[in-house]
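First to last, the sequence lines map onto chains A and B.
Residue numbers for the first sequence, in our numbering: 1 to 384.
Residue numbers for the second sequence, in our numbering: 1 to 374.
A hint or two may mislead.
Unchecked claim - Below, a list of computed lysine to any residue pairs in the SDA-like style, where the Cα atoms sit at most 25 Å apart:
#	chain 1	residue 1	chain 2	residue 2
1	A	Lys276	B	Asn132
2	A	Lys33	A	Gly124
3	A	Lys378	B	Gln312
4	A	Lys232	A	Pro53
5	A	Lys378	B	Gly338
6	A	Lys278	B	Lys257
7	B	Lys257	A	Val371
8	A	Lys175	A	Gly201
9	A	Lys378	B	Asp285
10	B	Lys257	A	Pro306
11	A	Lys232	B	His281
12	A	Lys276	B	Lys257
13	A	Lys51	B	Gln335
14	B	Lys371	A	Gln81
The set of hints was computed from the structure by calculation and includes no laboratory data.
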Amino acid sequence: MDIEFSEDDLAFQQKVVSFIEANLPKGMDMWTKRNQWFQALRDQGGWDVPKWPVEYGGPGFTPTQRYIFDLEMARHATPPQIPFGVGMLAPILMNYGSKQQIDRFMPGIRDASVNWCQGYSEPGAGSDLANLKTKAELSDDGSYYLVNGQKTWTTLAHIAHWMFCLTRTSSAGAKQEGITFLLIPMDDPGVETRPIITLGGSHSVNEVYLTDVKVPVTNRIGEEGKGWTYAKGLLVHERTGLAGIQNSVLALEKAKANARLIKAGEGSLMDLASFKNKVGALEAELLALEFTELRTLSQVSAGQGPGPESSILKLKGTEIQQRISELNIEAAGIYAAPWGAKSIGPEFARGATSGYLGGRATTIYGGASEVQKDVIAKNVLGLG
Amino acid sequence: MDLSLTNEQQLLQDSIQKFISTQYSISERNKFIKNDQGYDNSNWQKFADLGWLAMTFSEEYGGLGGSTVDSMIMLEEFGKGLVVEPFLSTVVLFGAAIELAGTQQQKQNLIPAIIEGKLIGTFAYAESVEPNNLSAIQTRATAEDGGFQLNGSKSLVFNAISANKILLSARTSGQDFDEQGVSLFIVDAQAAGLTRTDYPTVDGLRASELHLENVRVESDDLIGSLGSASGLIQSLVNKGILGLAAEAIGAMETLYKSTIEYTKQRQQFDHALADFQVLRHRMTDMFVEYNLVKSLCMKATMLEAQNSAEAQRNIHALKYLVGKTGRFIGQNAVQLHGGMGMTEELAIAHYFKRLLVIDAQFGNTDHHLNKFVG
């Protein structure tokens with residue numbers, strides 16, 4: 001048992017840190033120069049697509065290198081990549097897409113010129129995703145599907161060019177059967193996108209109405225009726241990616257710094273036992289969760305699949321994200337109340353409540369916490 | 001980075017698992033704790049014969065050169081079996097002090113005897129005035145005729161009833177709460193002027209209050225340097241915490257797994273208890289929290305083994321989580337066993353009680369949370 005990274009891994013870590021320091025745009029440039037940053041990652045030889053296999057232009061990282069890469073990117077708060085194309089559709093295309101589909105769609109995913117969104121959830125299919133009803137009927141001549149239905153919680157649908165979409169082509173058998181995976185252009189006249197404003201006041205999710213949308217069969221991934229199998233593998237992947245552990249490490253440091261700005265008696269909020277102990281409890285659990293991620297990595301490096309520990313990451317990681325956001329509204333005090341005011345109270349307080357409210361979604365999306373617990377109980381503990 | 005066990009560690013783990021599954025049932029264990037000394041002598045001799053007592057000592061003195069990681073592996077297994085023999089007192093605390101700070105002569109005299117199973121040792125550091133404060137030492141050691149005379153008392157000394165030698169902190173200079181001026185001595189358990197009040201602890205182990213009245217020790221009974229033992233005491237307390245944490249993890253694993261098994265068998269309302277989602281989720285919570293403590297235990301142990309500056313902070317966080325999670329898992333194990341969970345007859349009761357005592361030792365949940373946040 002050895003906690004140290006190997007010399008090679010440490011050298012790689014140094015390389016990643018040097019790269020970030022040399023190329024990451026500073027301050028406000030972070031947003032305006034995003035494209036420049038992603039171009040620098042591409043020029044490095046596939047660092048923009050760290051999880052892709054070498055044959056598709058990925059860097060061929062070992063599991064440990066990939067961990068180190070993600071760790072340093074998070075530690076340096078580099079601009080996040082929109083995950084739908086690179087992280088979610090691309091692996092499905094690589095595994096199940098036709099040569100023609102790969103040639104057609106992968107370049108736009110890689111250079112981020114085409115935005116994708118994920119058409120999975122529906123009003124009647126949330127945690128019980130397989131209950132989806134959006135209907136796709138094959139035309140008599142077998143050349144296209146006629147799609148009718150409604151998708152919801154569709155993140156960034158309003159800026160997407162395409163949607164990868166689960167549709168129902170058959171109601172026979174178990175509800176996981178008869179689901180078909182289609183690629184739908186968002187500029188089709190039958191596609192209508194309406195915004196959903198969430199608790200935190202922001203617009204990132206949408207309703208998408210599909211009315212008589214004609215989707216050529218060449219836009220179908222794999223076989224008809226096998227869409228659930230294609231999507232399922234990815235859901236597991238989505239869950240482990242949502243723990244955001246390193247982001248939480250940064251967020252907690254920031255929350256502590258914010259609390260130090262708030263005067264309380266002779267000292268600051270961080271000197272009050274009631275606040276300080278909450279911070280400590282959270283920090284201790286975060287230390288433990290960080291190492292739980294390393295345990296998972298160690299198993300993957302040893303050639304085993306991710307062990308039961310990996311199922312903990314999303315469940316606990318999102319709970320910790322939410323608790324950190326609670327610290328921020330507590331630190332904001334009376335300034336947790338104003339909404340949208342630009343110059344009232346300390347700067348951090350202006351986003352504290354909307355951050356807290358928006359963050360309630362983390363234990364709902366990607367499989368609600370209760371679903372995660374069902375999964376652990378069934379698959380890991382052999383219950384039910 | 002590699003978190004898997006080496007072949008040797010795997011063998012060590014297997015041999016302890018085999019011993020516990022074949023020779024250490026919970027009913028046997030509950031007989032051992034009825035002995036005066038609270039454990040079984042022949043078991044201790046087996047530990048020696050199997051090389052377990054030698055594992056962490058250096059090869060120079062007959063040990064096998066293992067590290068805190070090996071100690072963790074052993075104690076985790078001991079925790080699963082709720083082993084009561086004085087491994088922590090003798091090897092992890094007393095033995096480590098000799099190994100870390102003993103003179104060559106002291107090592108030669110004591111380490112081989114520990115390894116052979118002939119010497120039981122323990123560590124007396126806490127005093128009733130402020131047990132969590134390692135500098136709150138009112139016991140005095142006064143220099144006299146080339147040796148020292150000890151006067152004072154020590155609290156909650158585990159295994160003192162069976163110990164041959166006691167490692168004991170006493171003040172050789174300064175005021176009662178000074179960090180400086182504390183020294184460590186080896187006191188013979190039979191020394192004139194040393195009296196004990198023995199009692200069982202909640203988990204069936206044995207502890208004692210020690211009273212020292214003009215107890216004579218020689219200058220070569222001093223361990224480490226005169227008047228500056230506080231660093232060594234902190235190191236020993238850290239080793240004790242890591243050892244208890246490993247034991248606690250073993251106990252928690254047994255508890256959550258026993259609870260799963262029980263709820264699969266037990267029928268109520270025409271269903272197995274495990275069919276009820278509220279109970280399945282509770283057991284999932286037990287599993288999740290167990291894994292977090294296990295992760296932190298591995299991390300803190302490895303950091304300590306390499307003398308990392310980060311170790312101390314992680315050890316405080318660990319002891320906090322051990323106490324908090326130990327109670328969470330213990331309480332829920334009892335709750336999910338229903339009325340049966342309240343009986344002495346079921347093994348889970350004994351695991352729960354052990355976890356409560358582990359929380360109390362070396363500073364509890366609250367104490368270490370405060371240390372952690374600073």
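Status of each hint after checking the structure:
no. : hint                : verdict
1   : Lys276/A x Asn132/B : 20 Å, holds
2   : Lys33/A x Gly124/A  : 40 Å, violated
3   : Lys378/A x Gln312/B : 38 Å, violated
4   : Lys232/A x Pro53/A  : 20 Å, holds
5   : Lys378/A x Gly338/B : 22 Å, holds
6   : Lys278/A x Lys257/B : 30 Å, violated
7   : Lys257/B x Val371/A : 21 Å, holds
8   : Lys175/A x Gly201/A : 35 Å, violated
9   : Lys378/A x Asp285/B : 13 Å, holds
10  : Lys257/B x Pro306/A : 21 Å, holds
11  : Lys232/A x His281/B : 23 Å, holds
12  : Lys276/A x Lys257/B : 34 Å, violated
13  : Lys51/A x Gln335/B  : 44 Å, violated
14  : Lys371/B x Gln81/A  : 39 Å, violated
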